[in-house]
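Protein chains in written order, with my numbering: chain C, -10 to 352; chain A, -10 to 352; chain U, -10 to 352; chain V, -10 to 352.
Hints were generated in silico from the structure; no laboratory data involved.
This one's a predicted model, so the numbers in the text were calculated from it and none came from an experiment.
Yeah, the Cβ is synthetic: ideal placement off N, Cα and C, and Gly gets one too.
A hint or two may mislead.
[To be verified] Output of the computed footprint for chain C on chain A, the stretches with three or more beta carbons under 8 Å from beta carbons of chain C:
1. 12 to 25
2. 114 to 125
3. 138 to 150
4. 177 to 189
5. 223 to 237
[Claimed, not checked] EDC-like, lysine to aspartate or glutamate: derived pairs with alpha carbons at most 20 Å apart:
6. Lys266/U to Asp25/V
7. Lys266/A to Glu256/A
8. Lys266/U to Asp193/V
9. Lys266/C to Asp302/A
[Said to hold, decoys possible] Residues on chain C that point at chain A, a partial pick, calculated with CB under 10 Å:
10. Gly(-5)
11. Ile119
12. Pro208
13. Glu236
14. Ala242
15. Ser269
16. Leu276
17. Ser277
These are the residues of each chain, in order.
There are 4 protein chains.
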Amino acid sequence: MSNSIGRLFRVTSFGESHGPVVGVVVDGCPAGLSVDQGTIQRDLDRRRAVGQAGATPRREADAVRILSGMYEGCTTGAPVCMVIDNANVESSNYLPYPRTPRPGHADFTAKIRYGGFNDPRGGGRFSGRITAGFVMAGALARAALGRIGVEVHAHTVAIGEVEAPVCEPTRVRELNRRNALSCCDDRSAESMVQHISEAEARGDSVGGVVECVVLGLPPGVGEPVFSGLESEISHAVFSIPAVKGIEFGGGFALSRLHGSAANDPYEFCGDSVRSVKNDSGGILGGLSTGMPLVLRAAFKPTPSISLPQQTVDLEERTTAELIVRGRHDACIVPRGVVVVESMVACVLCDLCLRRGLIPGVMV
Amino acid sequence: MSNSIGRLFRVTSFGESHGPVVGVVVDGCPAGLSVDQGTIQRDLDRRRAVGQAGATPRREADAVRILSGMYEGCTTGAPVCMVIDNANVESSNYLPYPRTPRPGHADFTAKIRYGGFNDPRGGGRFSGRITAGFVMAGALARAALGRIGVEVHAHTVAIGEVEAPVCEPTRVRELNRRNALSCCDDRSAESMVQHISEAEARGDSVGGVVECVVLGLPPGVGEPVFSGLESEISHAVFSIPAVKGIEFGGGFALSRLHGSAANDPYEFCGDSVRSVKNDSGGILGGLSTGMPLVLRAAFKPTPSISLPQQTVDLEERTTAELIVRGRHDACIVPRGVVVVESMVACVLCDLCLRRGLIPGVMV
Amino acid sequence: MSNSIGRLFRVTSFGESHGPVVGVVVDGCPAGLSVDQGTIQRDLDRRRAVGQAGATPRREADAVRILSGMYEGCTTGAPVCMVIDNANVESSNYLPYPRTPRPGHADFTAKIRYGGFNDPRGGGRFSGRITAGFVMAGALARAALGRIGVEVHAHTVAIGEVEAPVCEPTRVRELNRRNALSCCDDRSAESMVQHISEAEARGDSVGGVVECVVLGLPPGVGEPVFSGLESEISHAVFSIPAVKGIEFGGGFALSRLHGSAANDPYEFCGDSVRSVKNDSGGILGGLSTGMPLVLRAAFKPTPSISLPQQTVDLEERTTAELIVRGRHDACIVPRGVVVVESMVACVLCDLCLRRGLIPGVMV
Amino acid sequence: MSNSIGRLFRVTSFGESHGPVVGVVVDGCPAGLSVDQGTIQRDLDRRRAVGQAGATPRREADAVRILSGMYEGCTTGAPVCMVIDNANVESSNYLPYPRTPRPGHADFTAKIRYGGFNDPRGGGRFSGRITAGFVMAGALARAALGRIGVEVHAHTVAIGEVEAPVCEPTRVRELNRRNALSCCDDRSAESMVQHISEAEARGDSVGGVVECVVLGLPPGVGEPVFSGLESEISHAVFSIPAVKGIEFGGGFALSRLHGSAANDPYEFCGDSVRSVKNDSGGILGGLSTGMPLVLRAAFKPTPSISLPQQTVDLEERTTAELIVRGRHDACIVPRGVVVVESMVACVLCDLCLRRGLIPGVMV
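Using the sequences provided together with the hints, build the complete structure.
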């Protein structure tokens, strides 16, 4: 239950890591949106990240197949079902985990929740692979947002303790695809790669932080009280496995400031109102201010590591040592960049539809 | 739109700061829950926080009135409507703000969103006063959770740069009501009071961090993918005005660790499985682990300050200086403690109902 | 649970027959809608129906009180809470019913459903009195629909076996308020009054049929597959106590025709497409055709009758004879006319909002 | 939008008549439900109805493919995606309809609604073929209901003016599969076949009525006010193309009775309470009484007929004559029987889950 998100742009995720497919149904996508299959594929390819530092050796085409909702190159207004096939599966590694659950993974909690009936192969429904569905949905959302001039761009701002210098929101789109890390600063990217490689060499993993900026969002988007921008975006972003924290604008740092420093004074910029700085991250009262929306998501390190770990044997009811086998990423943060973009895009598409900013039929 | 939250335990908020009432309708509260009016009132009184350092001089009884859904001291299964009256209102101070919006408040964004028709008095629908409704709903949720042994306790862990030492989750309930700050460490509380007072004296304000722990939550609660615990809780907590960040367990600090340090190894504790440490904050795969659930919410400083601020005059279309009048808190963090508890309780009550852990009729 | 209906125009009902109030919260009402309190009251007065043939002798002012969401005579975009007080309650008559449930009422089913905790006074949550909340919500919906030229009118077409002749949809609005029965044909109305009076004199009751027409609805309104017009409207109309059947256009009679007779041929009428007849009731594929929407709702006879009835004594576990006391209507159909209009209006307002036909802010 | 239905047992429909697949995602199906692929296929085969009187000559295997949510023969608690392929498509017949819309079909309304972007081939999203998805979802729902002893059975009670005699609810299951019409009375079935054949021979079509009974439903199921049984069931059943009316128990006939005749007196039957008759159709106050739930759905005649019909030419803006080509059923009522069963089962599964009667994990 609750594999759907969104009220008017409604995304339903399905599929498991080692089942036939991973897929998504998008209901509420406006009719008449011209979406090239290649557009969706480009985002999937960014998520696939073959050859990236720290990326899984699992190799799959991840080629999108559109099963419904498109006709003659345009959305029809009917639900769009999209899938990728799971071609390259090695399930045998996963057989021990229902008995000796991997620390940091959902093996134990899922077993309890689903009475042991959950599919354990490759993490099943809890695999990061299901985010391919998020990306396919996000591609539609971004196409719709693009028609009203709203753009969503994310970048890697930290890997472990390596932090990139601050990047102007407006410059992210030109800088975030220059390296495999999706980091806007090449020098930091090099250090990040090195940090990941060192961990990988030891059989360990690292986490990091993704920052996402939204440009072109007009003021007044959001549905307070319970569907304000922070509420809706955090809801979606925490659906990405491994995210453990989120902050908007100044975020946690704001809590250490005085109001006189934290408040964003207003000014006119030509005919439009803007704030001199943007510590609110483009959101006040759950509503967009018209300034760039800025948020950061903290990813914990990939829980799959090759080092021996302590777990329990649920049959013997003893402590046990575990070596996690199977293919995994030493760092999933760079692959998470497009996933964050996708979820943020889905939320904004939904809220812009609710606000009437995106028409039901694109013409 | 979207003044409701929850799927089975559904909370609908209504009311404005200076309208007749602030209220809430709770639909889906199990029948047969014996709730003393005093229980609700006690939580409201904690939110009211008269006489606290930095608290608003606005004085109101905030006495709960139950308009429906209770009969002979028990919930009936019908929607419970509860209100408090707005007795002590001084609206004239707020008249200038639709024209010269206050920095850090929703004056500007709400005016755009609602075409100028929003009620500006006391911030209207965007006032922190509407959280009284959250607290009344939370009192019902906590009563229901209490019947299955689940407790929600929050405390102030930072005010500005003053941080309290770490407090064991299991000790929060005995320590968090010993001072007006709801801080578990008395010495820190004193420094916090001083920090607030200094800011207040300058006409300034401060922010802070609230930590919330949940005890007694059985493993396997949560509805992944899009209704995992982090998703649902963050959604609710960001509905509290001034919250700009949230993290679970190790949160942002986790992103700087290696997997070998971040993963929580399992062990047996008698017959039950627990983790040796709890950096996941009691959540894996969006599901509860059975360990204490731990989250932290960052509050920005109260945007209402007495110092002169730069804003714009939307009629003259010029920059303008603004002095915010009206009653306000120099720090709303201590009053936010019970509000965080309430929203977390509402979410958990909803998820426990979905999981079948709370029966539809309490007997 | 499920005391709410609608996706964007969201109506939450609360209150019991003998509690402090009966009320409603409307979330999603566009800002800037100028609604006179008198407009709401007029609809409430039509429901109140004092002095009508067969109407309950319960006498109450049923004066609407607006608790939130309005400012300076306009909706603000915030949730609108409206209540009427329950002034004139005589609860003692209802005390036996949890033990000896009234046939045709919800006494037995509600007792099972809520474990005996439901409020039995006056039928509690199952009283027809809660439809006063529907009417208050409907008044807002109709005001919004009126701004785009959509009108909803209902009339009594049958009382028991007395049927009124067919009335052209476009003539309902000028004819349906000419008599207390809301019947468009005065002569039929007289027979209906007589039929009700005869039943009333015997301590019995009668049912009937209400027809509702919607004029001015543009083509293409509705959200198939699961939110087509018939689905959404029937959902709402069956929420009215005593409704046991609904049909659209030709309805059940259509099932006896051949396709060649049932299909509505198209023609041009000036520049616009219309159908020569309208057996589809203005709906094809769940979407409006632009022709008048026509539906009929069957009301069972009021279950409260003064004649002795057979029931069970749930304590003695025997059969028992029951005489229902308390005030009740010998026929609630005429009072149901405005309730049907209200529920249909709420649904159409929701669907027009989803379709973008009603703006989020009325200007 | 709104291709989903249900709150806890959530069915999302996708696919078009001539696209790659027709499918469904079921979210919220309890884990551990052992569902044989053959069970799903048997219901699909009943809907396929090859060789039935009046059935379409379109021949397809309609073989279910399960894409997710099942593992080792059981549901996992993850969303179950199921599809059938569209193998045998002849789209060219449908090309004229966006210009000369077929009377009785959604060609005109869908064109308006989706700005001409809807897929017109085979009726696209508005084809009766999408009900194959309903049937696959229904098979899961029925399996879950079966575990708590709830059964759903439907039968054909009228074809055109040919009506079958009343059948005791408890006898439907043994009688409704004895003939291709799903009619419990063989002699009536013969007359119905003849009636259909005559219409077919003339190039015409006929409608009819399906009755559905639910056995074994315990008392107290339903979620008033807005999710009572009639509301939820009618919502689902009107999603079936061609349904134009629904009634519960005595339905429209009840509106012509006196209360003294319409009320169902209670009696004891051993230890349990039942009503002497069941004119309420097993529902009071939106809640189940424990008696058989009985409803009837009126199907209009198939709008596709071979006779010449009047329509409009939307390009020339003139009246035009239309001959509908393509394969279609002269009567879809017998094929609708399993579809009605399926939708009713989905609703009841949802309501039983909300009520806690079906556990989240089947063991």
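(request) Run the structure past the numbered hints and jot down the numbers of the failing ones, going up. (result) Result: hints 1, 4 and 6 break, sorted rising.
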